[in-house]
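Colleague: Throw the hints in and build the complete structure from the sequences for me.
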Amino acid sequence: MSNSRLSVAVVGHANAGKTSLMRTLLRDAKFGEIADQAGTTRHVEGSAVVIDEMNTLALFDTPGLEDSIRLLHILSAFFAGQRVDGIERLQYFLAHLSQYSDLEQEAKVLRALLNNDLIFYVIDLREPVLGKYRDELQILSYAAKPIIPVLNFTEQGHANLQQWKTQLARLNFHAVVAFDSVHFNFADELKIYHKMHSLLADQEPLLHNLIKQRQQQWSERFNAAKEIVAKLFIECACVRYQTLNSEQEIEQTTLKLQQAVRNAEKKCIRRLLNLYQFRKGDLENSLLPVAQDGWPLDLFSADNLQEFGIKLTGSIAKGAGVGVAIDLLTAGMTLGAAAAAGGAVGALWGVKQRYYDEIQAKIKGSRYICLNDVTLQVLWLRQMKLLAALQKRGHASFAKIAYQITAPNQQTALPQNWDKWLRQLRSHPNWSSLNASAGERQDSKRHLFTDKICAAMAHE
Amino acid sequence: MDLFEQRLLAEGLRTIEGDSPTLSAGAQPNSGQKQVNFEKALLQRALQLDPQLQISALFLHFKRLTSRLFTLLAVLLAICGASTVQPFFFSGQGTQINFFWAFALFFIPNLLTLALWLLFFLRPSLLAEGWLARLSLFLLKTVEKRCDPLSIQNPHFWSLFKCYFKISFSGHLGRYQLSAATHLLWFSYFCGASLMLVIMLATHQVDFIWQTSILSAQSFQWLTQCLAYIPDLLGVAVPDLEQIQQSHLGVVNLLQDAQSSRFLWSSLLISSLMIYGVLPRVFLWLLMLFLLKVKRKQFSLNLSKPYYVQLRQSLKPNISALGVVDHDTVKGTSSVPLSSITPSQPLPPSFYPVALELSATQLSLCKKHVQQYAAQHIEPIMHVCDFSSQQILLAELPELNPQAVVLYVALSRVPDRGLLRFIKSLTSSTAKPFYLLLIDDGSACADINKRRSAWYALAAQAAISLDAIIQLTTNKEAQSL
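Those protein sequences? They're chains A and B, same order as listed.
So that you can map any letter, position 73 of the first sequence is 73 in our numbering, and since no number is skipped, the others follow by simple counting.
When you read off a place in the second sequence, starting at 1, and then add 460, the result is the number in our numbering.
These are calculated hints, taken from the structure and not from any lab test.
Ideal Cβ positions, reconstructed from N, Cα and C, are used throughout, including at glycine.
Errors might be hidden in some of the hints.
What the hints assert, rightly or not - Mimicking DSBU-like on lysine-lysine, the simulated pairs with C-alpha atoms at most 35 Å apart in a straight line are:
{"hint": "1", "chain 1": "B", "residue 1": "622", "chain 2": "A", "residue 2": "352"}
{"hint": "2", "chain 1": "B", "residue 1": "601", "chain 2": "A", "residue 2": "267"}
{"hint": "3", "chain 1": "A", "residue 1": "267", "chain 2": "B", "residue 2": "622"}
{"hint": "4", "chain 1": "B", "residue 1": "622", "chain 2": "A", "residue 2": "266"}
{"hint": "5", "chain 1": "B", "residue 1": "765", "chain 2": "A", "residue 2": "400"}
{"hint": "6", "chain 1": "B", "residue 1": "765", "chain 2": "A", "residue 2": "318"}
{"hint": "7", "chain 1": "A", "residue 1": "445", "chain 2": "B", "residue 2": "601"}
{"hint": "8", "chain 1": "B", "residue 1": "500", "chain 2": "A", "residue 2": "392"}
{"hint": "9", "chain 1": "A", "residue 1": "30", "chain 2": "B", "residue 2": "765"}
{"hint": "10", "chain 1": "A", "residue 1": "280", "chain 2": "B", "residue 2": "910"}
{"hint": "11", "chain 1": "B", "residue 1": "605", "chain 2": "A", "residue 2": "445"}
{"hint": "12", "chain 1": "A", "residue 1": "267", "chain 2": "B", "residue 2": "500"}
{"hint": "13", "chain 1": "A", "residue 1": "256", "chain 2": "B", "residue 2": "622"}
{"hint": "14", "chain 1": "A", "residue 1": "352", "chain 2": "B", "residue 2": "605"}
{"hint": "15", "chain 1": "A", "residue 1": "212", "chain 2": "B", "residue 2": "776"}
{"hint": "16", "chain 1": "B", "residue 1": "910", "chain 2": "A", "residue 2": "385"}
{"hint": "17", "chain 1": "A", "residue 1": "280", "chain 2": "A", "residue 2": "256"}
{"hint": "18", "chain 1": "A", "residue 1": "400", "chain 2": "B", "residue 2": "776"}
{"hint": "19", "chain 1": "A", "residue 1": "445", "chain 2": "B", "residue 2": "626"}
{"hint": "20", "chain 1": "A", "residue 1": "364", "chain 2": "B", "residue 2": "605"}
{"hint": "21", "chain 1": "A", "residue 1": "452", "chain 2": "B", "residue 2": "765"}
{"hint": "22", "chain 1": "A", "residue 1": "318", "chain 2": "B", "residue 2": "626"}
{"hint": "23", "chain 1": "B", "residue 1": "910", "chain 2": "A", "residue 2": "30"}
{"hint": "24", "chain 1": "A", "residue 1": "420", "chain 2": "B", "residue 2": "622"}
{"hint": "25", "chain 1": "B", "residue 1": "622", "chain 2": "A", "residue 2": "362"}
{"hint": "26", "chain 1": "A", "residue 1": "280", "chain 2": "B", "residue 2": "776"}
{"hint": "27", "chain 1": "B", "residue 1": "626", "chain 2": "A", "residue 2": "420"}
Unchecked claim - Simulated coverage check for chain B against chain A, where a stretch passes if three residues somewhere in it have a Cβ under 8 Å from a Cβ of chain A:
{"hint": "28", "region": "772 to 780"}
{"hint": "29", "region": "809 to 821"}
{"hint": "30", "region": "839 to 852"}
{"hint": "31", "region": "867 to 876"}
Modeller: And the structure:
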């Protein structure tokens, strides 16, 4: 199997967002140099999206076309009175470049046009349609390569959208894609690949694999992010610290709790940023407001009783099972006493497992503190906001990600089963590794709960 | 190390690293390794880190430990099976054995546990519960602390044991692993029992009888014939109908008949034990071993876990840099520092306005401004935005009367070489003074000072005096000069 590469030249006017587009498509915030001025990119630089071991999509960033009016005038002047194709005009120009040293940057763009399979023409939608842009499109058409006009900065330049579409249609460019490299939308990225697919029929397998791979990576990343957030929520909702019933002790323990929860959130955020390939500096500093509350244990709540009932039955059955085995081994000489004793031991073990810590705390005169509901709500909403921001952020964006929640009581933004979740989670303090005496975490049940939270996040 | 063991090793590494891959594998992948897929790359990484972390050594230790445990249990069960023969069959009361009672004592527990096994086998989620893991961990801790305290010095000993246990003894693999163990143990039990039975029957003389209080004699005869059907097919000597009837309550008269009956019933009991006890368990044991082998081959890593998604980004990056392919040899234009900008001159009383590449809004602002400051200008304002309008202006400019030319440009637009070239050609075509009027209509611009500086740089290069640059700032509420 031979290596296959599809190459794309990213061209456009100066400051149209070519490098920004590259960064966002490559998910690489370090690619090239971005500045709010013309001529920032002065050479042709490439990077490839790796599709699989054999195939890549190479993207080449080019300097901006800054003097297309003059370039087109020069190109038009060649072969006066002769019927000559545009590509020959471009080749002639490049062959006689020494006469036009001031158009060295444009020459690089022309070479990139001729050397690649496809052209992305990046348009800054904030700009009105000007003569120089029309001339750029005219020059691009000389290259005889498929061209996809990419409308960049769609959020800020929405007013010019129709004007640009009309103008592009007049020049016979119909495969237009709106793609904002700062306010990212994955569906728009897919549209680019689909347009490529329709323009390059001979590259169908490669582009099919590319689309499949990008979709898979996108959903993998989102699923992983959901799992990270769900785990943080479980860790924080199940955490409880034991403290003596004095003000000083409670204050000290609260500080410890705050620190532990903030560290857990920091860790989660760092993982999310890594996952989406953003930098720590992209995030606005924001401290989680943490407040504590007493650990709510209602022994007679339906959830607790249900949970306890199931566990107790299980423990009795296991104890009795061991007893039955002993009875069998003794050929029934124990007259079922082992089974009965096993059941009783199992029942006691079940009660100990569930309520030992609480009973011990009562006897010792201490109490448990945990995060209050508002803190958990803020924590949840912050992660949701951050996740949404990461999903919609292009790698060319300079704005800091703000994820602070100003109004915590956003009941509508909370999941439907929020209260039920909290009740269930608070029945399982052993699910949080933040607890000093975290025992067996019952991974299977914890995983099931994580999946439940992830599913709820997907529906939001 | 086979593929399953390598994947197990990778899971062990994941257990040690926790949520994110943090350890460095040392050697960077060479160009050949870059061609391998992600899973192979992560397995290679695990193999590279293994000598340092001793994961596979610990897994081997756990494997040996569990196989030793199963062997020990098998031996114990064999002894247990052998020891149950005497109290069941050869009690001190006499020389008669109730055949069906003896058979039931062996087979009813066997059938019950078979049903229990089937329940666990069909519902493997029951095995995912932690109690088995906790019990095993407790036993292992106790044994290891006493017998091999050095082995638990590895800081990841318990977490790796949990990982090993979780993969090998719960979920899909555990279903087959524990099934194989169950059948092995019952096989041992039956082997012990059969062996002891053969020995006891060889050295003791017993008569086989059958008894009932509520069932009919025909039921037992039918049951015995059913039981004897397969042994009979296999050529084992089994009692016929008459001998079955005679054995009811031990009504065998002749000595020779009694001798023959003892032999036939003994061979029926031993062959039943072999065919209905040992053989199914052996068959199920081998089947489970085979399925376990198949499942081990099918065992795959869940690469969608956050840990592996992050690892993929570092081991198999989505992008590969192709570098610079067309170098720049010319230095870029420098901008003018804002500190060198001098205060603007006022506009002359008469000037020729030229709009350069303005949007519709900017053009209307330009027109308003012209009406306010150059009322004498009655012609439509020239909007230069393409080659032909550039040429017209260049042709007309030398013949124009006004004292000066004011170029209206949008501050938000990036000044480029094309515009510079055109303005240069304008300033060189006439001796009239030029003014550059920057329209700031509030359009989006990341750094307005940087943009203003770029326009000053353009003006300087185009021979427009820096104090001839004027800024026209507008917003929705007010316009100011």
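Colleague: Among all the numbered hints in the text so far, which are the ones the structure does not match?
Modeller: Violated hints: none at all, because every hint is consistent with the structure.
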